[in-house]
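Engineer: Protein chains in written order, with the working numbering: chain P, 1 to 91; chain E, 1 to 186; chain L, 1 to 1001.
If you're looking for bench data, these hints aren't it; they were derived computationally from the structure.
Think of the CB as a built atom: it goes at the ideal place given N, C-alpha and C, for glycine as much as any other residue.
Where hints are given, some of them may not hold.
[Unchecked claim] A partial selection of chain E residues facing chain L, derived with a Cβ cut-off under 8 Å:
{"no.": "1", "residue": "4"}
{"no.": "2", "residue": "99"}
{"no.": "3", "residue": "102"}
{"no.": "4", "residue": "119"}
{"no.": "5", "residue": "132"}
{"no.": "6", "residue": "170"}
[As the list claims (entries may be wrong)] One side only, chain E facing chain P, incomplete, derived with CB under 8 Å:
{"no.": "7", "residue": "67"}
{"no.": "8", "residue": "141"}
{"no.": "9", "residue": "145"}
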Amino acid sequence: MFLINCPYCGERDQSEFTAGGEAHIVRPKQPTELSDDQWAEFLFMRKNIKGIQFERWSHAHGCRKWFNMVRDTSNDKIHAVYKMGEKPPIK
Amino acid sequence: MLNYNSPIKDQKEYSEIKISEVEPTLKLNLRGKKRDFITKIGKELSIIPPSDPNTSSGNEKFNILWLSPDEWLLYSNDKIDLKNTTLLEEKLFNEVSKSKIGSIANVTDHWIMLNVNGKNTFDLLSTGCPFNFNNFKNSKNAVTQTLINHIDVILHNKDLNNLNLFVRRSFSNHLWSWLNDSSRFF
Amino acid sequence: MSKDLRITNNKFIDQTTRISFKFDGKTLYGFKGDTLASALLANNIHLVGRSFKYHRPRGIMACGSEEPNAIVQVGSDASMTEPNTRVTEIELYEGLEATSQNCWPSVNFDIGAINNFFSPLIPAAFYYKTFMWPANFWKLYEYFIRKSAGLGKSPTKPDKDIYDHRYLHCDVLVVGGGISGIMAAKTAAKNNLNTVLIDDKINLGGTTLFQQNECFKINNTYSNEWLKKEIESLNSLKNLTIKTRTSLAAYHSYNYLLARENLTDHLDINEKKDKVRQRLWKIRAKKVIISTGAMERPLIFNNNDRPGIMLSSSIKKYIDYYGVKCGQKISLFTNNDSAYETAISLNNSGVNVNSVIDIRDKTNSIIVKQAEELGIKIHWKSSIVNTNGYKKINSIEIMKLTDDGAAVVGEKIKEQCDCLGISGGWTPRVHLFTQSGGKLKFRDEDNVFLPDKSELDQISIGSCNGDFELDDVIKNSVTLTNKFLNVDNNDYENLEIISSKETTKKNIWLLPSDKLLSKAKQFLDFQNDSTANDIKLALREGFKSIEHVKRYTTTGMATDQGKLSNMHALGIIAETAGVKMGELGTTTFRPPYTPLTFGAIVGRNVGEFFDITRKTPIHDWHVENKAEFENVGQWKRAWYYPKKNESMHDAVQRESKAARDSAGMLDASTLGKIDIQGTDASEFLNRVYTNAWSKLEIGKCRYGLMLNEDGMVYDDGVTTRLGENHYIMTTTTGGAANVLSKLEDYLQTEWPELDVYLTSVTDQFATISICGPNSKKILTKVIPDLDLSDKEFPHMSFKNASINNIKCRVMRISFTGEHSYEINIQSSFGKSVWEKCFEAGKEFNITPYGTETMHLLRAEKGFIITGQDTDGTMTPVDLQMDWIISKKKYDFIGKRSLYRSDTIRDDRKQLVGLITEDPKEVLEEGAQIVSEINKKPVEMLGHVTSSYFSPNLNKSIALAVVKNGKNLKGHKMFVPMKNKTINVTITDSVFLDKDNKRLNA
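Pulled out of the complex, with its shape left as it was, chain P reads as follows (with noise of 0.2 Å):
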């Protein structure tokens, strides 16, 4: 069980977070301009990364306020949380 710092409400036990995958895949402006394989590109590939992966959390049951995270997911440690909009801390 995680403990999660909401970079709104700070360190919360993982039961009060939902997941929401991969971080960073913006939803094209213009998805009718765009061929099959590339919307089933933002669609369906995802990276799921051994090691550093970036990852949207939502503290579903706190502030209700979407967030990225940075989580090694061989070990699971979080190694930075920041707010929707942020640069990512470390690459």
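For this one, chain P is given, so just place chains E and L on it according to the hints.
Structural biologist: Relative to the frame of chain P, chains E and L by itself:
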């Protein structure tokens, strides 16, 4: 005449724990991002919605609890005459929502307010709540949203071992039974 | 109780309080403070069970959670009996009843023991190899194997005991209350850290608690006396919480730990009532100090499993702590110094020690010298090659070891004994450390795995960190603790410590015997009966990974998880395979460290608290009016309202007919409601729904369909425009939370520029739906001042109104196809308004209906229910709802996916209606649809999603999804069932009132 009907209508006492329903109380959900919003609310209620996370502000009539950077819960300290609830709602709605600086939603019956007090208050909560109360319990007017036995709640620390708990009405009977069941063991 | 097995000058056992208990039906006595193990031993009972495979007699071996043999069934009550309980962990209480497991008909005469004589026929993986073929015979074999294995009995009735959970947050958690844990906890608490110290025993102190030996002194007092004062000093520390009888079960990431506290297991049966039996502590610690100590290893030699063969340190605890002699003539077998502590303790208590058999050449540490001075005989450089005695050991056979330790030579000496203590060195308890993700390192000098690297804020101190001698334990624990807590505690700075030092080390994983290896029985896993031979066989058969060898031989897979002998298994594998142990690694230690009861895991979430239940504001009325309830998500919804002796079918037929003939009413409060405000509210709706919203007038309602980005239908509902920038959206009952979360997600992450605020108001309103041709007349009675004319208040519009001065919102919308209204009023008045409507409707036979009738009525109209007629693979086009997709809008969620190559296929499954040839035949929901019946294999073209008998049409109707169904109207299909085939015809999905005349009736 319509009959008023709150879900619990009860109070119970256990070893160093008292739990009771405190209804009807007025509750409004306030949302806004702009500075104008904060100013307007401050002017209308003489309370500034707090910008610090997990805190509240208030006066003898109302409390405003921080819920998120753009969301607050306003509630009345005293039980109210339900006919008056809409007056304040309409006033704020005109000043805020119609003035395009935020949103006002009446949640008087969406949330049910319970009061929990007594020395075992936080031990009772710890039977089903993952939140760390070590600092919270010593901070008057602290606020948190968390889960108790998987049910969303808002907690407002009123005084030493005395807090108000908000739970959605449809969950309130279940949470009430659960709190009573857990209180047996203190 | 055999008097001569008890010593009287004992501090820990209350010999004035006698306790009676039953073991295998026989009444026996012990004292307050005893465990079942110590009480049995005091009654000269060693034999308590049989081994799993060969049914060999097995006795008590240890004194703690590592006990592999002595597991019993406690209690006989069908709801309270508990299998697989270790006698070493059961505190004796008045009325305790325990019985041996894994033996039939009795522990003394066990039919399965015949397996022992056939044991050459039962090698490793015997069961896998023999009974797995032919595969379909397993059912038969399993019955007999399980019967003869007899691994305890599960309770057959619900557990009457009470369990609960408690969360705990602390600065420092110290796991293990031995000498190092006590010192660490004291240091932490004195430095203003909120500290919790837990220990699984009755009292703190670990083994030092009873270590009264000249060789171990602190500041000139015996180590136990020094520690006693330390323990007493803990009482004055305000920041310290001590929990005894509490064992740590699991150590997860982020210092989240689970500990089980036993609260009533030690109480007399009549004192247990109405109390919480066990509490599961869910601990979140900023820092964790593990001080779980070490376990003594056995030695692996021929016939090392007889009752009476025990761990040497356990014999010491039984004599020094419990005051129980494990035998009258005890021999000890060792490869290290600790057996000499046992020898001295026994000697001091007047127990005759035959001899110590030591595999080492010679050693001259202080403690060995002390033993020699006491006249204890030592066989140096020797090994035990065999033991005798079937139900209890009666003699051992000793031979000299060769220089390389690979064989035995010389004369065989036979020594009579009634108990044998064995000591193969010490294994640090690193289980919790590795559970938490910590990596181990191997120390060659004494063959131990030690904590190495961890990602968490934790340390291991004391013997679980590889310090086995008193001065090392104290000095290193203090240094490590101070550094870890970043404090400067000098309480323990100038301690004068006397500690015997072990100077010689020697280890032989598998001790030689004068018998051939294949003829010898050297047990590794005592509970699962795997021997050194089994391991070697597995290696010969080609298994290399230790995880595979473990599973193939079942070594370490019994209820004790191989705590005692995993190290020997690894040692033998490493030796045989010729690799270094450090490179071989260990098997994975998984939680729980010791078994947890299901009760402790479940806690209070039993009975009415098994799952959360949500109730509408009108719930009590439904109960008073004898509704049957249906679970919809967490909601309890009125399902139907049976009148006297009415079946569900009859009730639903009656309700459905009434709703169309005159009037029906439904509690629709469970629908999700989201208040939407903000200057971009209309634009927001344009983006989340498939249809256009900009032109919706204030006061009007519109049905909307919400898709996922993949184009599949996600949710639906009616949204009403309350004001210029104000809407109220309704969602499905089950989808409410998810829809709000999804919409917030888009607002916060994709469209932060939109000025829109969402607030859930689901519980703010009670929603009462009144439908049917008389609904208008009823509403007029309830809200007389509201103009209900079609001109003023047409279908799909909304009015603010009030009932007895309480404001409400009334929508004219319909999910039944009838003229109908929905009143939304604040929940506190919901029941009262419902009753008012019911009263007003009585003259029109207004009929409350439940979810089943609602489903039937909407199916007659072909309205979908998302989640029933859709399953996440249906697009609006598949639902034949093309009309709801705006052609003008540039974008909305899921739009692009509607013309992907896959979604534009003609032969997708599409929603259609089905009519059965026999109008009385009601199809089963989920039934498959085919176009041919004689072909095999036959293609499944689709399935039935909704099916009812319609009382209004007087025939069976169904909705279904069928491949290319759109183009198959009028085609005959078949629904093959178990006993028959039902003929059906594909039709339009609207069965009733195709031109919507009833809406304005």
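Engineer: For each hint given before, does the structure comply? Return the numbers of the non-compliant ones in rising order.
Structural biologist: Hints 2, 4 and 8 contradicted; others consistent.
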